[in-house]
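Okay, here's what each chain looks like letter by letter:
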Amino acid sequence: MKKILSLVMLFVLALSVVACGDQTGDINAKSEGVMTYAEYAAAALDTEVTIEAYVQAKQSWWEKDGVGVGTFYTQDGDGAYFLYEMPCSKEDFDKMTPGTKIKVTGYKAEWSGEVEIIDATYEIIEGQTYVAEPIDLTAKLGTDELINYQNQLASFKGLTVESISYKDSEWDKDIYLGVSYNGASYSFCVENYLCGPDTDVYKAVAALQVGDVIDVEGFAYWYEGINTHITGVSAAE
Amino acid sequence: MKIRLLALLLCLLTCLPVLSGCHGSRGLDPFVAPESFDTTRTYEITFWAKNDTNKTQTAIYHRAIEEFEALYPNITVNLRLYTNYGNIYNDVITNIATGTTPNVCITYPDHIATYLSGANTVVPLDELMTDAAYGLGGSEVRFDSPTVDEIIPKFLEECAFGGAHYALPYMRSTEACYINQTYVEALGFTLPDVLTWDFIFEVSRAAMAQDDEGNFLVNGQKVLIPFIYKSTDNMMIQLLRQTGAGYSTAAGDVLIDNATTRALLFDIADLTADKAFSTFKISGYPANFLNAGQCIFAVDSTAGATWMGSDAPLVDISEESLVEFETAVRSVPQIDPDNPQMISQGPSVCVFNKEDPQEVMAAWLFAQFLLTDEVQIAYAQTEGYVPVTSKAQSDPTYVDYLSRAGEDDDLYYSVKLEATRLLLDNIDRTFVTPVFNGSASLRDAAGQLIEYVTKSVRRGETVDDAYMDSLFAKITSLYRLDQKKSSATGPMELGEMPAESVALLAVLGAIWVLIGAYWFFDRKKQKKLSAKS
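Chains as they are written, first to last, in numbering that gives the first Met the number 0: chain E, 0 to 236; chain C, 0 to 532.
Since the hints were derived computationally from the structure, they do not count as laboratory data.
Note that the coordinates shown come from a computational prediction; the quantities given were computed from them, not determined experimentally.
Hints are supplied without guarantee of correctness; some may be wrong.
[As the list claims (entries may be wrong)] Pairs of lysine-lysine, DSBU-like flavour, derived with a Cα cap of 35 angstroms: (1) C:LYS54 - E:LYS202; (2) C:LYS274 - E:LYS29; (3) E:LYS202 - E:LYS139; (4) E:LYS166 - E:LYS202.
[What the hints assert, rightly or not] To list a few chain E residues with every Cβ distance to chain C over 12 angstroms, as calculated: (5) LYS29; (6) PRO97; (7) ASP199.
Using N, Cα and C, we set each Cβ at its ideal position, and we do this for glycine too.
Starting from the given sequences, assemble the full structure and let the hints guide the process.
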């Protein structure tokens, strides 16, 4: 009986390893011709870049001029890459769950301060997976260093809510969250296409009151300055 | 015998849906105005509107609905808001298929032309407008609505196509060039009253001088894009109009691939190669660059005036990024400054047809309410919009508003009022492009030509004649410019029927002949048998 039980446990363990993917390899290992994050960061705008990274989150898939596109937050161990409106089929979009490794070739661009990869093509790479832990960037707020962490999954602790407003739009119900830290104000956002009105985070932010002190998790997106796309919120610890 | 007859009937019944199915969905009957509006019934109508991410505009819609419902307690108006016309358009198209269009909708004539491809989808307003009781200024209308003659004729004309008016103008704007006059003068230039493209190109190139550390001399910063255009579709459309080059005919023939368009694209490519030009889609909002002292000529709608300038009431950049400068407002650059031409734009409002004509009447009354002085003046004041009626334009409240430019940086913000004046003084110099089913795609294509060329130059690609050939082929395919659609301005020319359809109809005809023959011979046979017996 014990032998059977051990066998079953072994089998279940093996299955779970397969299901989770391989998180044990070098997450910064790159194929031939692929840039490291440092090389990507140093590349000039409007040049072609090829990177490998792991999907962390994605905005809604939709069709633009008859072509399906998806917008992805991706990361490797050294930095983050925002893939804006990358043409992809709905089937592949669904496959690209958090942790999935992809190889992407596109053009490095900047829109209102947000550095992103546009007009990209991709290839899904089986095997290695990686889901990033949020990096605490609270101390970097208001510093020139913050931009080096652009698009990374980050946490900010002890922020005070200054304002909450909604975008008046049927399609785009973003919540704009004004917060302050150390006397400086910042505009964060619940991006409707990332965390829509049905999500817990959307409801939690909607329920906040001016003066609340909160901890926030999200992607360090940029729009004329830090404009974190919030994925989690809780009362400050 | 009975069984055979039954079989025959069943056979006929089976064939009937096949034949009727060939004609597709019949759609709604044309709207016929009832003699009177039945106020004993209650109506619930939906109004899809656009706001420019401007809370005041949303508040005005809510107030208008409240006041309208007070006048007509039997009508409830449900508001659904959008922040861009494209999303309204997409949702309307989806809802036409399911018969769930809104009752009243803010839209562009280009879009209505596509809505009209559904049978009787949009109500032609000509009869309603002139109805003595319920028309504009009608005796039974419970508010002070303008008469037809009080709508600015040019604006009303923009809503007419296919021999009918399918919309009422709601607000009008044009584009303006918002200029950092301080930098223009620092560069040694004098700002003319009417800008030319040549002037902008010259100043923009002159502004690119940098010091040894890569700072631009004019602003002392590492970032400068002297000329940024928000809507490149308007940019191309106005350039083509001003040069007299082809864009499209009223019947929907696409003329955009011509020598002038290509020459203009080469000019834009040259300016981009000098790093002196970019677009909203590529770099960001012109207002943000202008206000940060990183742009000299920002072209955007007059309906975006409240975002422009050092003292703009609406700002999207941090306070420490704002730069002090004198803001000048001019019309869009011109080819011929003695004959300025500029686009007319801004929302119109259409009424969708419904099975219940009384519901349409309720919607019509609400659409008309949007033209009252109170709504017109309040909404126009939110941005550089112009009321669409002479009645509102001459209202003492509005005249007073215009006279107080610069009194504050809010309601009387000088840049907003200058932008408004710009359109008021140039209404006769505005134009619109022909409206037909497909004109919305052509507009998108016009803008994408500039976007692609600009992107390609930035990426170091070669932009030459071969590039242009390939670009036009790509744009033609992407926006289906070679597939002329049914025009909204006349009856649809279907051309020859496809061979497959001819074959199907022939087979169906043959089946009917065989059924008839079978029935005839069977009847004859029965008669013979009866006679023998």
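Okay, the hints, checked on the actual structure:
Straight-line distance between C-alpha atoms of LYS54 (chain C) and LYS202 (chain E) comes to about 22 angstroms, which keeps the hinted pair within the 35 angstroms bound. Taking the CA atoms of LYS274 (chain C) and LYS29 (chain E), the gap is near 34 angstroms; set against the 35 angstroms cutoff, the hint holds. Proposed proximity of LYS202 (chain E) and LYS139 (chain E) is supported: the alpha carbons are some 28 angstroms apart, at most 35 angstroms. Straight-line distance between C-alpha atoms of LYS166 (chain E) and LYS202 (chain E) comes to about 15 angstroms, which keeps the hinted pair within the 35 angstroms bound.
The Cβ of LYS29 (chain E) sits about 23 angstroms from the closest Cβ of chain C, beyond the 12 angstroms cut-off, so the non-interface label holds. Look at PRO97 (chain E): its CB is around 28 angstroms from the nearest CB on chain C, clear of 12 angstroms, so calling it non-interface holds up. Listed as outside the interface, ASP199 (chain E) is consistent with that label: its C-beta sits roughly 25 angstroms from the nearest C-beta of chain C, beyond the 12 angstroms cut-off.
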